[in-house]
Each structure stands twice: as structure tokens, then as C-alpha cells.
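For the record, the sequence lines run as chains A and B.
Residues in the first sequence are numbered consecutively from 824, following the working numbering.
Residues in the second sequence are numbered consecutively from 824, following the working numbering.
Certain hints may be false.
Identical copies go unnamed one by one, so any copy, or any two together, can satisfy a pair.
Okay, derived cross-link-like pairs now, BS3-like style, lysine-lysine, Cα gap no bigger than 25 Å in a straight line [unchecked claim]: (1) Lys886 x Lys1210; (2) Lys851 x Lys1228; (3) Lys886 x Lys946; (4) Lys1072 x Lys1014; (5) Lys965 x Lys951; (6) Lys879 x Lys914; (7) Lys872 x Lys841; (8) Lys1014 x Lys1181; (9) Lys914 x Lys933; (10) Lys1210 x Lys1082; (11) Lys851 x Lys879; (12) Lys851 x Lys951.
By construction, these hints were calculated from the structure, which means they are not laboratory data.
Treat the numbers as computed from the prediction; the structure is a model and nothing was measured.
Here is what each chain is made of, one letter per residue.
2 protein chains.
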Amino acid sequence: MALIVQKYGGTSVGDLDKIRNVAGRIAKTYDQGNNVVVILSAMGGVTDKLIDTAEKITEFPDKREMDVLLATGEQTTVALMAITLKSMGYKAHSILGHQAEVLTDNQAGKARILSIGATRIRKLLAHKQIVIVAGFQGADSKGHITTLGRGGSDTSAVAVASAIEADQCEIYTDVDGVYTADPNICSRARKLDKISYDEMLEMASLGAKVLQIRSVEFAMKYNVPIHVRSSFNEEEGTMVVNEDANMEKVIVSSVTHNKNEARITLLKIPDEPGIASKILSPISEAGIIVDIIIQNTRSGNMTDLTFTVSKTDFKAAMQISKQTASQINAGEVVGDENIAKISVIGVGMRSHSGVAAKMFATLAAENINILLISTSEIRISCIIEEKYTELAVRSLHTAFDLDEKK
Amino acid sequence: MALIVQKYGGTSVGDLDKIRNVAGRIAKTYDQGNNVVVILSAMGGVTDKLIDTAEKITEFPDKREMDVLLATGEQTTVALMAITLKSMGYKAHSILGHQAEVLTDNQAGKARILSIGATRIRKLLAHKQIVIVAGFQGADSKGHITTLGRGGSDTSAVAVASAIEADQCEIYTDVDGVYTADPNICSRARKLDKISYDEMLEMASLGAKVLQIRSVEFAMKYNVPIHVRSSFNEEEGTMVVNEDANMEKVIVSSVTHNKNEARITLLKIPDEPGIASKILSPISEAGIIVDIIIQNTRSGNMTDLTFTVSKTDFKAAMQISKQTASQINAGEVVGDENIAKISVIGVGMRSHSGVAAKMFATLAAENINILLISTSEIRISCIIEEKYTELAVRSLHTAFDLDEKK
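All chains, full assembly: derive it from the sequences and hints.
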């Protein structure tokens, strides 16, 4: 008998039939003698619909009230799921964020979980109830309803699993697990049996939508093993766990790509202290997140500065950069939307040299020019021309020995 | 400066335009220097839609979980209203039933309010906030979400008004106020300026849908004056208040009708102690509410028993009655769905005799046969053939001097 937390995303509970299907899975797990706590998202599309409604009232709806509004999405799903399970003869009980004592800070719309009391969850489990918890939501210290931002239910699940010391935290989604590359691009991509928290964090921050980045941080901090798997079949998925000795043997575990970046370069800027800050502060003040930043070394007292932003922020960032350029007497501002970021990730890089060299050689062999490079301890990213994305992913996937053995 | 509670029903907040219209009313009241607390229902049709969804899962959805589901309706409205008011530049703050400390018993789906703490409402008012409270919902002593049943937001409004000692409780609805008779039947019906709690209670229990009966009981118990008025115009509505000397001068204040009853008679039953209980207990055990009960005096050791139930319960009640009849060796069971209940109501009856006689004479003058009679201290009801309903209402309205003076 184990204590199992299961989280089902919006696509898994998208309509009453899917809710019934998920109820069957939950019931099966319970019938095997396990204690089960379920975390649910809003039904697919519901959150977007609520946001649309509020934005019909005003362009910038009050954030606190948006949280009150959005929290109804998960409340609806947990009630419908409990009704379904009870109609099947199971003991089930829905609880909302504040009832599960999910205490957050007071940042409406992107609150962070501070602690989870979980006394009510424990009491319900002691009565052999299946506990259905509304994900994505909590309450701050004053009792205001808060929500955790996109994908927040993942974080709810991991936090609850940590609070009740669950044996496993299963994240059910619409994909089979975590892959060595996007199977839509790379037919030889393999599902990973295991991946470390660090690698998963890199992947999440590179835009992989499998898990919310904060849920991975939380899992790593409290050492909660996550099992990412599909709610549409019975296959084993991918375990996200602590790094182990076995993993280090694999140097690179995945190749990721991201077409959602754009590059901006300010040419001929004065090479003086504080110049990067002068250029980038107005960008961040506009709420735009900058990814890679490279400042070239140049001869003389002039230099170039290049950075990347997401494509959706490109126009705004260009406009701001042009204003700054004229203020600091810089040269031209050049933008490029036709780029992609290709990354190789692996904890094995920590103990193996030559990964970067191999990556650059592989891309060079395909005549792919590298525009920018950025690295972390376990990741190397190259910005290339967008048209080479698929070729680069497939070449690197083969070069780093990730291809499925046929 | 006054402390005003306003309640808006589902039709008044049925879409975003109507919400904006109501926000304008609220803002106007606030701008006049008043403290304002607003109680809202779910948007028109939303509650029924949620019930439909749950009943697609199972015929009898779990009641506790239904309350969790239905509570999302009011939560949505209060958030949208607060967003609207804030977008107009007002200080507004939505709170849910449990946040307003609406403590109820644990009868899911028809909980009764035990107390209202209202410390949060008071604190928000002290900060000059417009407080938007989700009606219809509360929480029991264990923190479970509960709902108050159809029309429960009226009771929420009166209870909040009582807890914060409001100067006035305005109930906004889609009619102009309380009428002397249904204007759809009786063109000479007048809007009443004032009506006593007792009279309103009788009207509510006779099926008038202006106010939930428990809200009137609550208002009477705590002496909260209610102003029933329309959210679609600026007219004064009807004040529901304590009986005063002025009211007693008017003997009858309204004529009501109810076509939703059916009559069942068990003929030739043994006239012995406990026989009424033997017949009616199985009916009430089936959850069917009996309205009028009449046992005729007969010669010999046989009698007849007649009672009325709502039309929706007629078939079930007939079936049960036939079973009972065969068990107790009664004669025939006769049913009649084509009946109506006509009532005259007025606190003046307490001090005036002859009202019943006048009612019977008026009906007799129109050749309307009376099938059953039932009375309370301030009401006389007659069951008549359904086809005479409109004629009876109009005749009595004229006879008791209620017609609008042209």
C-alpha cells in the first residue's frame, strides 16, 4: 500500500467523458489498496474563456479579482470529479486550495507556495477517502484567494506530495513522457525512462511544456520523485528524480529547440562601464524577459551588444532599443526574427569535456552557422538560422547517440 | 450617509452589459456618500446549467459536491462585478460566503444560516471599499461549502444586513415590487408601497416568487426593513416592514393564486384514531409536501380524507395513496389536477370579521364552486376549479377594494 498523488491536466479532464475515464484510473489505483490524493486543473479551455470574459470588461482586469474568477475553473472540475467517483460508489471528497491549507504569498496571478498544512488531507485519507484537491489555487495569509500562474497545478501536486510525504507524484498529461527531442521533428526521438531534476529544469526553462518550472524546483528542493505519464494509455512515462551515478554515464540526455526567440543587436556602442545596464534596464522595466546576452570585444572604444527576447516581445524591444541607441549615440540597431535556439542538455557534461566541441563540429558539418552561444553547467545552447532547426536537432540527436535503436 | 445593502438577482446580472448597468447603480449609491455592501446571485441560467452538467454524470449527484459546484456561480459574478467597479475607478473587493463568515448548518443544498460574523465586511467598509459578497453560499462549522437553496441570495442579503446593522436592505429584481395581485391576470392590480412581514410570508409560502420565504422569516426575526424594487428602472418599490397601525385599516392587502396544486381524496376510510397519519406518513416519507388537509365528518364509521400536493408530486402521491387505500380497506382514490388555490391575505383580518363570508359570497356570485377551504390568522384560501382562476382573482380584487383608482 502506497500513498500516491496524481495530477491530471486540463486536456485529461476536458469533458465529462474524459472525467469519467480519469475517475476510472483513480478508482483502479485506489482498488489496488493505495491512498490516493488527486490534483486537478480546470477543464481544457475554461481558464482562457474566463480570461476572455474579464478582458471584455476591461483591458487590464484587477489581478486579485482575476484570481477569484479563475479559481472557479478548478473548483468546477474537483466537484464534477467527486460527483463522478461517488456515483461509482467510491468515497471521495473535493477540497479547494484554502481548505487544503495551501498558503501562498500575495502576488496575485503568480503566487508562490509558502507552505501546505494538509491536516485536512491527512484526516480525509485516514477515513479512506479519495481526496480531490483543486490545483492552481491557494490563499494568502489574509485569506485572499490566489492562483499560481500557468501550469500551477503541477506545483500544487508536487507541494501536496511533499507535505503529505507521498511515495510518488504522478503528473498525467497528453504526452507519454519526456523525450530526447521533439518527436514531431525527430522521428528517432526516444522517451526517457529517467531524467534528473537539473536536466528537467533546463528543459522547462527552454520552453518544454511538460512541467511548470516551479514544480520542478519544488520537487528538487523537497526531493519528490515525479512520474510524468499519459492519461490516455497505460505506458510507463518518465521519472524525474535526483541525479544518480548511472545518469552521469549518459553525457547528453536531450536535444531541445525553441523557435520563439528573436535577436536584437546594437552596433557600435561606447565601451564603458554600465553600458549594458543602460540598454537592458528599459527592456526589463517594460516587463520583457531577456534570454541570452552577449557583448563582443572590439578594437578601440566601441563594442556591440546582442540579446534575445521572445518573438512576442520583439517589436516592443526593438522600439525601446532604438530610443536607447539614440540616447547613448550608438550605431545601428539590427533585429532578426528568423532564428532558433538549439540546446543539448545533460548532467554528464559536468564530468565530461568536449561536448561543446562536438556540438559545434556537428553543426559545422551540416554547414549551419552559429550566431550566438550560451552555456550553463549542464547545457549548451546555440542560436542558429531558423530554417536549419530540424536539421540541427536531428544531426545532434544522432551525434550524441540518442537515436532509438531500431 | 447610510449603510446600505443591495442584492441583485440572476436576471439583473445576466450578462456583462447588465453587470455594467448594476455597477452604475452601485457606484451612484456610493457616490451619494453611502457605505455599500452588495450581494449577488449567479448570472441568470448559470445555476441550472451547472445542475444539468452534474445530472449528465448521475441522476442523483452527491449533495455536498453539488454545493461546491454551484458555489462557482456566485463566485464568478462577484469577481466580474469587482473587476467592473475597479475598472470604473472605484474601490471594490469581492468576498465569498466563507470569507464573509456566513456560518450555516450542514444541510447541503438547503443549509440554514446560523450566524454571520461579518468582521471582514466591517473592516473593508472602514477602508471605504464597496464590498461585493457572493450570495447563496456559506460554510458549515467544519469549513465545508454549503448553499442555501433556490432564492438563497435573498436570505444572504437580509442576514448580512442584520449582521452589520444596515439602514436598509434593497432587493433588486425583475419586477417593480409586490403587487395586490398578479398583473398578468388582473389589469387593475396595484403595486403596494408597504407590506408587513406576516403578509409577505403568507405570499411567499403561496408561491409568490418575489422573495425567498426564509429571507422574510429572517427579516422579521431581526427586524430588517426590505425594499423590493426593480434593477431596470428608478421607481420606488415595496417596503416589507413591521406591521403598523396604518396597515390594519386595510383588511385585505392582496389576492394570490396558485395553479400548481392537485387534489387527492380517499373515499370511505375507517373513521378511527391514527387513520390520517397512516395515509399521510408514507406521502411525507417520499419527500412530498402536503398543503391543505381536510377530513370530512360523515355518518357511520366511515369518513373521507382530502389533501393537496404540488402538481409535480401528483402521480407519485396517487400511487402511494392507492397502496395505502388497499392496506386500510378504504374505498376509491380520486385525483384532480385541474384545481387552483385562490387566497386573500391581510393583517387587517385579525381585527375584522366577515372577510371569509365576503370571499365566499363573491365567488358564489360568479357561480364558482368552492372545493376546499383553509385558513390562517391573516389568510383565507379556497380551492376552486382551475378554469375559474382569473375570474376569481379579478372578482375578489374588486370586492376587497384593491382595484387601482383610475
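Practice task
Kindly indicate which numbered hints from before are broken by the structure, ordering the numbers from low to high.
Solution key: 1 and 2
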